[in-house]
Amino acid sequence: MRPILANSCAAAATTAEARYRLPILPQATWRSSRVVALDPAAAEVVRRVAAQPWASATFYTLAGTVGTGTAGTGTAGTGTAGTGTAGVLYTLDDAPYALAEVLPGADLAVLVATSDSGAAMAAAIGAECRTRSIMTAGLIIGEGPDRVVSALRPYARVLMVTRDEQDVAEILTALRA
Amino acid sequence: MLRQDINELLTRTGPGTAMGELFRQYWIPALLAEELPENDCPPVRVKLLSERLIAFRDTDGRYGLMDEFCAHRGASLWFGRNEEGGLRCAYHGWKYDVTGQCVEVPSEPEDGNFCANVRLRAYPLIKVGDILWTHMGDPAKRPEPPEFEFARVPADQAYSSKRWQESNWLQALEGGIDSSHVSWLHKSGLRDDPLFKGSKGNDYNLGDMKPFFEVVDADGGLFVGARRNAEEGSYYWRITPWVMPSFTMVPPRGDHPVHGHFWVPIDDENCWVYSFDYHPVRPLSDTELQAMRDGYGVHNKYVPGTYRPLQNKDNDYLMDRDAQRRGESFSGIWGIAIQDASLQESMGPIVDRSKERLVSADAGIIKARQKLRRAALALRDEGVTPPGVDTAHQRVRSAAIVLPQQESFLDACRDAVTVRVGQRQVSV
Numbered sequence: 001m002r003p004i005l006a007n008s009c010a011a012a013a014t015t016a017e018a019r020y021r022l023p024i025l026p027q028a029t030w031r032s033s034r035v036v037a038l039d040p041a042a043a044e045v046v047r048r049v050a051a052q053p054w055a056s057a058t059f060y061t062l063a064g065t066v067g068t069g070t071a072g073t074g075t076a077g078t079g080t081a082g083t084g085t086a087g088v089l090y091t092l093d094d095a096p097y098a099l100a101e102v103l104p105g106a107d108l109a110v111l112v113a114t115s116d117s118g119a120a121m122a123a124a125i126g127a128e129c130r131t132r133s134i135m136t137a138g139l140i141i142g143e144g145p146d147r148v149v150s151a152l153r154p155y156a157r158v159l160m161v162t163r164d165e166q167d168v169a170e171i172l173t174a175l176r177a
Numbered sequence: 001m002l003r004q005d006i007n008e009l010l011t012r013t014g015p016g017t018a019m020g021e022l023f024r025q026y027w028i029p030a031l032l033a034e035e036l037p038e039n040d041c042p043p044v045r046v047k048l049l050s051e052r053l054i055a056f057r058d059t060d061g062r063y064g065l066m067d068e069f070c071a072h073r074g075a076s077l078w079f080g081r082n083e084e085g086g087l088r089c090a091y092h093g094w095k096y097d098v099t100g101q102c103v104e105v106p107s108e109p110e111d112g113n114f115c116a117n118v119r120l121r122a123y124p125l126i127k128v129g130d131i132l133w134t135h136m137g138d139p140a141k142r143p144e145p146p147e148f149e150f151a152r153v154p155a156d157q158a159y160s161s162k163r164w165q166e167s168n169w170l171q172a173l174e175g176g177i178d179s180s181h182v183s184w185l186h187k188s189g190l191r192d193d194p195l196f197k198g199s200k201g202n203d204y205n206l207g208d209m210k211p212f213f214e215v216v217d218a219d220g221g222l223f224v225g226a227r228r229n230a231e232e233g234s235y236y237w238r239i240t241p242w243v244m245p246s247f248t249m250v251p252p253r254g255d256h257p258v259h260g261h262f263w264v265p266i267d268d269e270n271c272w273v274y275s276f277d278y279h280p281v282r283p284l285s286d287t288e289l290q291a292m293r294d295g296y297g298v299h300n301k302y303v304p305g306t307y308r309p310l311q312n313k314d315n316d317y318l319m320d321r322d323a324q325r326r327g328e329s330f331s332g333i334w335g336i337a338i339q340d341a342s343l344q345e346s347m348g349p350i351v352d353r354s355k356e357r358l359v360s361a362d363a364g365i366i367k368a369r370q371k372l373r374r375a376a377l378a379l380r381d382e383g384v385t386p387p388g389v390d391t392a393h394q395r396v397r398s399a400a401i402v403l404p405q406q407e408s409f410l411d412a413c414r415d416a417v418t419v420r421v422g423q424r425q426v427s428v
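Those sequence lines, one after another, are chains A and B.
Start counting the first sequence at 1; every next residue gets the next number (our numbering).
Start counting the second sequence at 1; every next residue gets the next number (our numbering).
The set of hints was computed from the structure by calculation and includes no laboratory data.
Mixed in with the good hints, there may be bad ones.
Partner residues are not named here, just some residues of chain B that face chain A (Cβ under 8 Å, in silico) [what the hints assert, rightly or not]:
| # | residue |
| --- | --- |
| 1 | Q4 |
| 2 | L206 |
| 3 | G207 |
| 4 | M209 |
| 5 | F213 |
| 6 | E214 |
| 7 | D217 |
| 8 | E269 |
| 9 | L343 |
| 10 | P349 |
| 11 | A363 |
Here are some, though not all, of the chain A residues that point toward chain B, as calculated from beta-carbon distances under 10 Å [as the list claims (entries may be wrong)]:
| # | residue |
| --- | --- |
| 12 | E17 |
| 13 | L92 |
| 14 | L103 |
| 15 | R153 |
As the structure is a computational prediction, the values presented were derived from the model and not from experiment.
All residues carry an ideal CB built from backbone N, CA and C; glycine is no exception.
Generate the whole structure from the sequences, applying the supplied hints.
Here it is in structure tokens:
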């Protein structure tokens, strides 16, 4: 066996010395993220999360008016949406965007649900994310919804079923959104 | 990514720290029972949660765990004599019983009160299974003894070992929650290790290197389900339970014994990894026991006479680059346990999590950190008893199962992930 020299040994003298790492390149510190609330209660959660500072996360709901449970009309904000409610997401100030406009450039999609009402759209977004190779995560708050879990299962690399809405912010923070 | 202040909170476990107080709510492994094999045997130095302690077994078989240092002038009681119902300091003969009470000060009058007023801090030490457990918190809040199944099955159905890991406890625990590394780091073990090989589940494991994960809250911690493709229309699920603060189980393979770990802080830069194997319904075979003693499975080989792994950072874990090149071992390091230890120790004594780049597959780790932080702060600020103290939370199992694609793993596996005395593990 070859001898292990001091300058190549894994041992380090102190925690501080062992902790030292070359500086992280600035362009790699955040991840472009899309957060989509799949039902009205989830939209309330997402609205609270969106109030925190984020590097590169944008937030959407399925309905034009948060909390009403009514789907938007699909009026295009940019002139290219309006493909029907199944393909439209709304920013938190109610601007509609086609799903195809929202996803380009995203590294991560986080879908948030508290009920099964958004199951169909969950599957549609998940399928689109897979087509575009966007990492997808689903957060289901509460243990009731199961159809939305089933809808997301084929697409979401991670599904988290949690009792705690703060997990949305935790995940986004941990993933550098 | 984790803020540095939260990293500090989670990794510091000494007296007076939030996480240290959390650990002090639980019964935690202090020693293997084999370390105190008989009455009046030599005492053992034990460092736990940054406290230096001495463990001994007195003339009547009572276990004691107390301050390592004599109240007189601070000499270590490790040099002492364990005799006639107590541990006597080798320096001036002061003697203590298993409660830490000083029972004799030879220089003082025999009928004086002096020694009655001398007492070392001491903690209870109880034998459950082949482990000696201690509770280092408030005696008034001492929970019921641990109920983990591995420690409750008949003695011939279980085997435990421990090894010193030169890293903070949390990065070791996180390896137990993260099952996505198994298909990579441990792939040779799935083929060759006598305690792993031969199960149908291994084929699924090796056939799908990109598992999907589902993380579900549990009363005592989490269940993390890792899903891989099985036959058409079905998924192979591996379900890992984590019970707070630091108990994890590895999903089983075939009829091999089930294994798991307890990750216990020695101090902030070292931890004990207790590794166990047990079978819920049958004795371990001689072949299995020999394999465990030989360092296979979750166990390891030792520097003789110690609990330090034979492969350690001072010898680069005896890495074999040729074996790595030939594909016999993904990392070139022999043994599943040390494959983990080598990488976790390479992160440094306390990894700086503000610099990490997590991916969504790390959701179990993210959630575990959050639960630990929440519990530590709730205990500190409001006195809330943390999850995992209740012994009902400890009656969990890991499981491996093939399910139709539309089925939720936890709905389908409620029974499988719960201890059912006398029933075998659910395994593939």
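Verification of the supplied hints:
1. Q4: Violated - the Cβ of Q4/B stays beyond 8 Å from chain A, reaching only about 10 Å at its closest.
2. L206: violated, 19 Å
3. G207: This interface hint is violated because 18 Å lies over the 8 Å limit.
4. M209: violated, 13 Å
5. F213: With a closest approach of 5 Å, the F213/B hint holds.
6. E214: Holds. Min distance 4 Å.
7. D217: It holds, given that the least Cβ distance between D217/B and chain A is near 5 Å, below 8 Å.
8. E269: holds, 6 Å
9. L343: violated, 11 Å
10. P349: For P349/B, the interface hint holds, since the closest Cβ of chain A sits about 5 Å away, which is under 8 Å.
11. A363: With a closest approach of 4 Å, the A363/B hint holds.
12. E17: Hint holds; E17/A Cβ to chain B Cβ min 8 Å, cut 10 Å.
13. L92: violated, 23 Å
14. L103: violated, 16 Å
15. R153: holds, 7 Å
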